[in-house]
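Protein sequence lines correspond, in order, to chains A and B. Sequential numbering of the first sequence, starting at 41, is according to this note's numbering. Sequential numbering of the second sequence, starting at 7, is according to this note's numbering.
Be careful, since some hints might not be right.
[Unchecked claim] With a straight-line Cα cutoff of 30 Å, these simulated DSS-like cross-link-like pairs (lysine-lysine) come out:
1) LYS75/B / LYS169/B
2) LYS340/A / LYS206/A
3) LYS244/A / LYS206/A
4) LYS252/B / LYS75/B
5) LYS340/A / LYS163/A
6) LYS191/A / LYS259/B
7) LYS253/B / LYS191/A
8) LYS252/B / LYS237/A
9) LYS206/A / LYS171/A
10) LYS163/A / LYS244/A
11) LYS275/A / LYS252/B
12) LYS259/B / LYS164/A
13) LYS96/B / LYS259/B
14) LYS273/A / LYS182/B
15) LYS273/A / LYS253/B
16) LYS169/B / LYS275/A
17) LYS206/A / LYS259/B
18) LYS252/B / LYS340/A
If you're looking for bench data, these hints aren't it; they were derived computationally from the structure.
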Amino acid sequence: MLSYSSLQLTSPFNHRQTLLSSAPRRGITSNDSYASVLPCRPRASPSLISSLPPVARSLPENSPAATLVDEAEQGAALSLPSPLRRELLPSHVAIIMDGNSRWARARGLPSSLGHEAGYRALKKVVEHSHKWGIRGLTVFAFSTENWRRPKVEVDFLMMLFERVLKEDILELTKDGVRICLIGDSTELPKSLQNLSKEIIEATKNNTKLDLSVAISYSGRRDITQACKSIAEKVKHGLVEPEDITESLVAQELETNRILEFPYPDLLIRTSGELRLSNFLLWQSAYSELFFTDTYWPDFKEANYVEALASYQTRQRRFGQRI
Amino acid sequence: MYLAHGITRALAPPVQKFQSSIILKWILGFCWYLLHLVVSLVDMVCFLNHLLLSSIISTGLLRKYQNLKLNNLNCLAIVVDSEEAEDITKTQKLLSWLSSIDVKCITLYDLQGVLKRTIGNDFKSMTNTSLRECKMSKMTVEILSLSDGKEGIAKAANFLISKYMKDDSLRCNGTKPTFSESQVSNALEAIGYKGPDPELLLVYGPARCHLGFPPWRLRYTEIIHMGSLRFMNYGSLARALYDFSKKNQNYGK
Chain A
41 MLSYSSLQLT
51 SPFNHRQTLL
61 SSAPRRGITS
71 NDSYASVLPC
81 RPRASPSLIS
91 SLPPVARSLP
101 ENSPAATLVD
111 EAEQGAALSL
121 PSPLRRELLP
131 SHVAIIMDGN
141 SRWARARGLP
151 SSLGHEAGYR
161 ALKKVVEHSH
171 KWGIRGLTVF
181 AFSTENWRRP
191 KVEVDFLMML
201 FERVLKEDIL
211 ELTKDGVRIC
221 LIGDSTELPK
231 SLQNLSKEII
241 EATKNNTKLD
251 LSVAISYSGR
261 RDITQACKSI
271 AEKVKHGLVE
281 PEDITESLVA
291 QELETNRILE
301 FPYPDLLIRT
311 SGELRLSNFL
321 LWQSAYSELF
331 FTDTYWPDFK
341 EANYVEALAS
351 YQTRQRRFGQ
361 RI
Chain B
7 MYLAHGITRA
17 LAPPVQKFQS
27 SIILKWILGF
37 CWYLLHLVVS
47 LVDMVCFLNH
57 LLLSSIISTG
67 LLRKYQNLKL
77 NNLNCLAIVV
87 DSEEAEDITK
97 TQKLLSWLSS
107 IDVKCITLYD
117 LQGVLKRTIG
127 NDFKSMTNTS
137 LRECKMSKMT
147 VEILSLSDGK
157 EGIAKAANFL
167 ISKYMKDDSL
177 RCNGTKPTFS
187 ESQVSNALEA
197 IGYKGPDPEL
207 LLVYGPARCH
217 LGFPPWRLRY
227 TEIIHMGSLR
237 FMNYGSLARA
247 LYDFSKKNQN
257 YGK
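Use the sequences and the hints to build the structure in full.
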């Protein structure tokens, strides 16, 4: 097997990292209590990687079980693009899907076609995440600030969300994807609210991938409603005021209540903007931020691999010394 | 002789196949390394280009990076990796650069409170003000750590809830708590954890991560990763500020 070295450009102005491969760095799941996080291993040199012996098999080589295991491992290894290593993939990826309107404007098309193209890009990313074993994917579909957009565009987006949920529910259920919605659902049209409830119920037992769609979501509102939930608990005597800590606030956040991996390890924003725009403000404390100039409808497998490869090369210490 | 000839003929095809597969492997390997070399060279050229540009900006030769128009920058935040923050000369140098560019309000942050311990104490002894905030002649410097972020929000929640419980018992209404974002902001201010929302945040460290900077303040903040503090240079800083000055935010509209 050919071994290859890694490239990493750490210039402050190149927000897109161009990499061929990554040296093995252990990915660390971000954790609210940073002191309990394990430190990163030092980066292994490429020559060390190539000289490592193959993993010993525990099953006899010719047994049927060994064959099945081999085939499964081979299948899993084959489905992962070459610079990525399964053990270094993030557990949870968050994406700010920005740039649909600008993509459409650049092509002289109406914004609605940009959003349709954005949906197709999302489908592909969900497919790749599912295939590569990423356990959580949170996408920022519509913020509270987006309600200020022209009514025509907002109405179109609401209709698009409904259509998408209706069309893809069977496929998602079959693929083991659990759909969750975060955000202020009271602002949504009644039909979309009812449909969301049906879909959440229909997919609640799926375990392969947690797909959270943030609609009418605001990071500040998320924190505010956590305070409200705690207030209700205090009122009912379930919690004492002196027990209100950072951990308790974190527990009451929307993501923490419904997701197995509530903190994104990697947060991607497309279209060249370099901000969070009120998305997962609390949860993104230790998230690797990856900003790319590509508009969301143009975000393809290669872009996703680039983001994941960039994540794999980062030395994430979470304040610990290595 | 015939036997040797026969053996040679029998063995030849596999030997030839073996040799051609080795040659193919070498060719593929060479192509791979050639491709890798090309990408490495392109990468190096880009990096040198940025380095050169930063150096030229540092010398002051490029006019557009002089006299930066920072009207839309009311507050600049800087996140420093705690390990790198131990070297306070770098942070002091950064502050002096920012002062020369006429940045009026700076928020310094590191995860473990190293800056509070080092620079914060220096400021306190010089100006006799609080550890967190110091007003100097030209700019205000606020120094934060993890305890000012999420812990601050937890304390604000405690404050809000205590206030709600007191009001609720006085009214005897038994109403449900209805907190708003502005109430949380006011609570943060009441307990001394409110500060300006920075328009720009520069991250100095190995990871492109804001390391727990107070989440309430990050709503619309531009985040730029500047690389390691050890390798900071004035040109990169000027360029980041220049790029920010040209930004246009729609705020979701």
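Now for the hints, and whether the structure bears them out:
A distance of roughly 44 Å separates the Cα atoms of LYS75/B and LYS169/B; the hinted pair therefore is violated under the 30 Å criterion. A threshold of 30 Å between alpha carbons decides the hint, and for LYS340/A with LYS206/A the separation of about 24 Å falls inside it, so the pair holds. For the hint linking LYS244/A to LYS206/A, the alpha-carbon distance of about 16 Å falls within 30 Å, and the restraint holds. Simply put, LYS252/B and LYS75/B have alpha-carbon atoms about 9 Å apart, close enough for the 30 Å limit, and the pair holds.
A C-alpha spacing of about 11 Å is found between LYS340/A and LYS163/A, which places the hinted pair at or below 30 Å, so the restraint holds. At roughly 11 Å between alpha-carbon atoms, LYS191/A and LYS259/B fall within 30 Å of each other, so this suggested pair holds. In summary, the hint linking LYS253/B to LYS191/A is supported, as the alpha carbons are separated by about 26 Å, within the 30 Å threshold. A C-alpha spacing of about 43 Å is found between LYS252/B and LYS237/A, which places the hinted pair above 30 Å, so the restraint is violated.
With a C-alpha separation of about 23 Å, the suggested pairing of LYS206/A with LYS171/A holds against the 30 Å cut-off. For the hint pairing LYS163/A with LYS244/A, the CA-to-CA distance comes to about 19 Å; that is within 30 Å, so the pair holds. Simply put, LYS275/A and LYS252/B have alpha-carbon atoms about 49 Å apart, too far for the 30 Å limit, and the pair is violated. This hinted pair checks out: LYS259/B and LYS164/A have alpha carbons roughly 27 Å apart, not beyond 30 Å.
Our distance criterion of 30 Å between C-alpha atoms is broken by LYS96/B and LYS259/B, whose separation comes to about 39 Å. Distance check on the hinted pair: LYS273/A and LYS182/B sit about 11 Å apart at the alpha-carbon level, within 30 Å; holds. Our distance criterion of 30 Å between C-alpha atoms is broken by LYS273/A and LYS253/B, whose separation comes to about 44 Å. At roughly 12 Å between alpha-carbon atoms, LYS169/B and LYS275/A fall within 30 Å of each other, so this suggested pair holds.
For the proposed pair LYS206/A and LYS259/B, the alpha carbon gap of about 27 Å is at most 30 Å, so the pair holds. The straight-line distance between the Cα atoms of LYS252/B and LYS340/A is roughly 28 Å, inside the 30 Å bound, and the hint therefore holds.
Hint violations for this structure: numbers 1, 8, 11, 13 and 15, all remaining hints satisfied.
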